[in-house]
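Enquirer: Construct the complete structure from the given sequences, taking the supplied hints into account.
Those protein sequence lines, which keep their order, are chains A and B.
Note that the first sequence covers residues 1 to 192 in the numbering used here.
Note that the second sequence covers residues 1 to 865 in the numbering used here.
Note that these hints are calculated values from the structure, not bench results.
Just so you know, these numbers come straight off a predicted model, no measurement behind them.
All the pointers check out, no bait thrown in.
Just so you have them, the derived chain B footprint on chain A, three or more residues with Cβ under 8 Å:
1) 6 to 17
2) 21 to 27
3) 41 to 52
4) 124 to 136
Within a straight-line C-alpha distance of at most 25 Å, the following computed DMTMM-like cross-link-like pairs (lysine to aspartate or glutamate) qualify:
5) Lys45/A - Asp345/B
6) Lys45/A - Asp759/B
7) Lys45/A - Glu340/B
8) Lys30/A - Asp74/B
9) Lys39/A - Asp266/B
Backbone N, C-alpha and C define an ideal beta-carbon position, used for all residues, glycine too.
In case you want the letters, here they are:
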Amino acid sequence: MAQYGFYFDMTACGGCKTCQIACNDRNDLKPGVLFRKVKGFEGGKFPMPWIYYLSISCNHCQEPKCVEGCPTQAMHKLDNGIVAHDKEKCIGCRYCTWSCPYGHPQFIEETGRVNKCDMCKDLVEEGENPACVDSCTMRAIHWGDLEELRAIYGAEAVSDLPVLPNSSKTTPSVLIKPKSVALLKDFMLKED
Amino acid sequence: MTKFIDKMNELTISRRNFIKASTAAAASLSLVGCGNSLTTTNAGQAAAQEGQWITAACWHNCGGRCLNKALVVDGIVIRQKTDDTHPDTPDYPQQRGCARGRSQRQQIFGADRLRYPMKRKNWNPGDGGKKELRGKDEWVRISWEEALDHVASELKRVKETYGNQSILAKSTGPALNAYGGAMTYWGCTSDGAWPKPQQFMNGNRSRGSNDRLDLRNSKLIVLWGSNPVWSSAGNPAYNFKQAKDAGAKFIVVDPFYSDTAQILADQWIPVRPGTDTALLLGMAHYMITNNLHDQDFLDKFCVGFDADHMPEGADPKENFKDYVLGTYDGTPKTPEWASEHCGTDPDVICSFAHEIAVTKPMTFTSSSAAARTSVGEQFCQAFLTVGWMTGNVGKPGASVCSNNRHNTQSYGGPTLVKAGGDKSPKSTNPIYKEATFPGPDPFKTDWQGIVIDEAWDAVINGEYTAGVRGKQSCDIRMLWNIGSGNTLNQNTDLMKGIEAFRKVEFVVTSAHFLTATAQYSDIVLPATTEWERVGGFLSGNPEMLIFYSQITEPMYEAKDDEWMYQEIGKRLGLDPAEFDPLSPKQKLFNKLAGCTVMNEDGSGFETLVTITAQDIAEMGVKGKPQEGRITYKEFKEKGIYQVPRSHGDQYVYIDYKDFIEDPEKNPLETESGKFQIHSQGLADTINAYGWNTLAPIAKYQYVTEGYEETFANFEKKEKSEYPLQLTTIHYARRSHSSLDNISWLREAFQNKLYIHPMDAQARGINKNDIVKVSSRHGAVIRPVYITERIMPGTLTLGQGAWAEVNDDSGICIAGATNVLNGGLPTGQGVQAYNTCIVQVEKYEGKLQKDYLWPKRIVAAQGGGK
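Expert: Listed below in structure tokens is the structure:
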């Protein structure tokens with residue numbers, strides 16, 4: 001089975017949130033719901049502070065807990081590895097929002113159902129990149145076949161960071177080139 | 001698919017229904033989102049098959065002006081994208097837009113758009129009625145006819161009773177100019193103190209940087225007070241990143257470890273706001289005493305560095321070197337001396353000075369932030385002087401660039417592609433013919449205009465400063481804000497601004513939303529945005545030109561500002577055919593036909609666009625067919641022309657190359673033909689403005705609301721009641737005040753006060769607290785962001801928030817920084833946004849997150865308020 005994935009170059013990310021807004025626009029999200037989020041983490045002491053940003057959406061895991069726990073098969077994995085969500089089947093039980101260690105699926109009050117990043121699968125099917133990828137002003141987000149991404153960027157990339165859950169839980173399809181400070185265990189979540 | 005089409009039918013995304021839906025949403029005030037009735041991804045999918053991608057203007061004054069495309073279905077934009085007109089490479093990058101540009105459909109189709117003209121309920125023609133109710137009165141919807149009649153008759157009355165100089169306008173426009181003009185305000189809001197030092201010290205080369213691709217030849221790049229990730233979004237930070245990847249070391253000087261610094265900086269050097277001059281003098285001292293300055297360069301290309309190289313007629317004792325060494329004033333400007341003011345560690349000052357002196361080639365670049373300070377000219381003098389002391393000029397990778405910001409951040413050299421003029425007759429304000437930016441000639445005596453910082457005070461107290469003429473009296477009766485942005489929000493001294501608005505007899509404003517300026521007016525006119533107009537051109541960086549098209553018909557009853565001018569003009573007996581004879585379409589065509597692009601050999605300019613007789617007929621304009629590089633249809637379809645660039649191409653530009661190669665043959669346009677470290681002309685000009693004195697060389701003087709004023713007694717180090725320094729910087733959420741009402745952006749960027757843990761702790765302030773920030777001029781409340789990234793003793797708060805001033809408490813809950821920034825005119829008429837002293841305390845009240853605030857929709861606009 002093929003597996004699409006994301007590569008994120010943290011060393012280039014300025015935390016400008018263009019990807020987040022492009023995702024909001026693509027998915028017509030109401031405030032309060034984000035499929036792609038940019039989170040900052042910081043530490044150090046003046047005059048040597050540090051901060052890094054992590055742009056993260058659904059990691060389209062190879063062993064997705066959300067799919068595993070979904071009682072109606074609304075959450076399902078496509079042949080290309082995308083974790084997709086069928087709104088017709090969703091009963092809004094929210095198991096997926098609890099079982100995803102990354103907290104990705106979002107319960108939408110308005111519809112009473114869950115929604116999530118679908119890797120812009122309709123764009124992808126037309127040969128385009130997901131909206132976030134082509135929006136990045138720093139060219140920090142890349143998308144493609146995970147093994148191909150690994151072949152290009154794998155040497156410097158990780159799937160585990162102290163701020164993320166252990167990748168062995170779900171085998172996320174995401175590669176991250178970390179800043180060195182992102183490997184430090186002592187960090188604080190930046191307030192927006 | 002059938003199911004899907006059913007769904008589409010349910011949604012019925014016609015523009016008419018959309019407007020109905022958003023009116024209903026406005027009425028119920030329930031809409032915190034984008035005001036778009038289309039909420040499902042499926043709708044987007046279907047529309048993608050049927051809609052059309054059109055190039056949409058991103059016209060805000062942010063400097064980026066990137067490519068913005070809108071997917072339009074039946075007049076509604078259901079999705080946006082950015083540049084995909086060519087493959088993306090670092091040499092020839094796509095012009096990708098930022099978070100702000102990507103949210104723009106929430107702006108144009110926002111439920112809070114002004115739909116109809118309205119007047120204040122308790123307004124009366126002639127005397128203004130209950131003027132004290134401005135800002136809190138009820139609104140009454142009126143017809144365009146009534147609105148325009150009122151505006152014209154009030155204008156006539158004020159002119160005939162008090163004269164044109166009793167009307168205060170930021171931008172007068174052709175009708176008002178034809179009617180005798182108005183008193184205007186002027187200033188250096190953007191460039192800070194740079195224009196005059198540039199004029200006198202380096203011959204008016206306004207920016208003076210090398211080409212974008214040449215940055216990659218630098219071994220060291222110093223960014224002084226520059227945060228392009230926020231202030232020049234789009235490609236600038238990406239361009240700098242290419243230089244970093246090519247091996248350049250970056251040093252960022254700033255009170256704040258910015259989002260740009262965290263990508264680029266190998267070293268962050270904190271400095272207190274407004275004390276950069278002291279830091280630079282300390283660096284100069286280290287360089288001089290260690291003989292690290294480039295004496296040959298200074299001897300050959302500069303005047304004023306030492307007693308042996310002074311400009312004609314100058315006192316040899318007043319040279320820079322002896323000032324730094326303290327030869328005559330007894331105070332050597334040592335790194336220790338500097339540190340007492342600027343707060344930078346003396347060892348860091350030495351190592352920084354050492355590094356810039358020995359690393360070649362180096363790019364030494366500053367934006368305007370450090371110059372947006374009281375007597376910011378002293379910083380400009382010191383920055384250029386210390387830059388020149390390293391000799392990094394006129395060679396690949398070497399550049400001392402002043403005022404590198406906005407659309408030229410990371411760019412240099414000539415504009416490679418540009419639009420033509422619209423060929424309208426020139427319209428000048430008869431009573432102020434000078435430039436409103438950067439300001440008038442202070443030695444001239446024929447202008448009537450008020451520096452921005454004095455504008456509100458002048459309305460209230462009837463007096464303003466007029467260069468060598470000193471104080472002049474004035475009698476302002478009317479505020480004219482048509483086609484001029486959100487001046488009450490964006491001018492300094494907002495609290496006094498409210499008082500001024502409540503004093504005059506009449507205030508009229510055109511706007512897209514109920515901005516602060518509109519809110520405190522008597523008559524409000526709904527204006528179109530660029531998405532509703534005929535189209536036009538935008539130039540950001542020098543390598544590209546955007547040709548945007550109309551996206552949708554004017555929303556509701558919104559009209560172009562130009563139409564308002566014409567209608568008001570008609571009512572005053574003026575003929576629009578005289579003051580504004582060309583149609584919007586014809587103006588657009590004239591700009592199009594006049595587009596030029598640099599030749600491929602770089603020797604001159606050629607016509608850009610091929611236009612056929614058929615194109616002209618289709619456009620319905622007058623013109624002649626012409627031959628150019630690309631067809632009109634291709635240009636319109638792509639929406640951009642970008643000059644392809646590659647490594648070592650013919651466009652590589654090295655600033656001052658000719659001067660450095662042969663200074664005799666290619667002198668600068670300065671008094672001496674050389675770089676003027678000493679300029680008596682600069683000092684005399686600044687003194688002539690009438691607010692400060694300035695020495696002809698870089699000297700450090702204490703300034704209004706500078707660091708030293710945070711002390712009641714600086715020598716004894718006793719703090720004053722305003723012990724903290726605030727910078728009010730460009731914020732990622734908005735472009736000045738534009739886009740501050742966009743929910744997605746409010747959610748992403750929560751407009752917090754940045755404070756160091758030490759300063760927070762000393763005040764009992766904890767995470768998630770709300771704080772009150774007070775200055776001598778006003779107070780705001782905001783949530784705090786407690787962070788090690790801000791220098792202790794300093795704070796930052798993004799400028800441009802939409803003021804929400806509570807009349808009873810006098811507190812602005814939105815954190816509009818001009819509540820805190822006083823009207824403190826300085827230098828050449830600089831708005832000293834970054835020298836502002838404040839106190840912070842914990843605020844016990846609650847504050848809802850900004851993105852949950854109700855939109856500003858009043859009953860007269862179909863809302864329920």
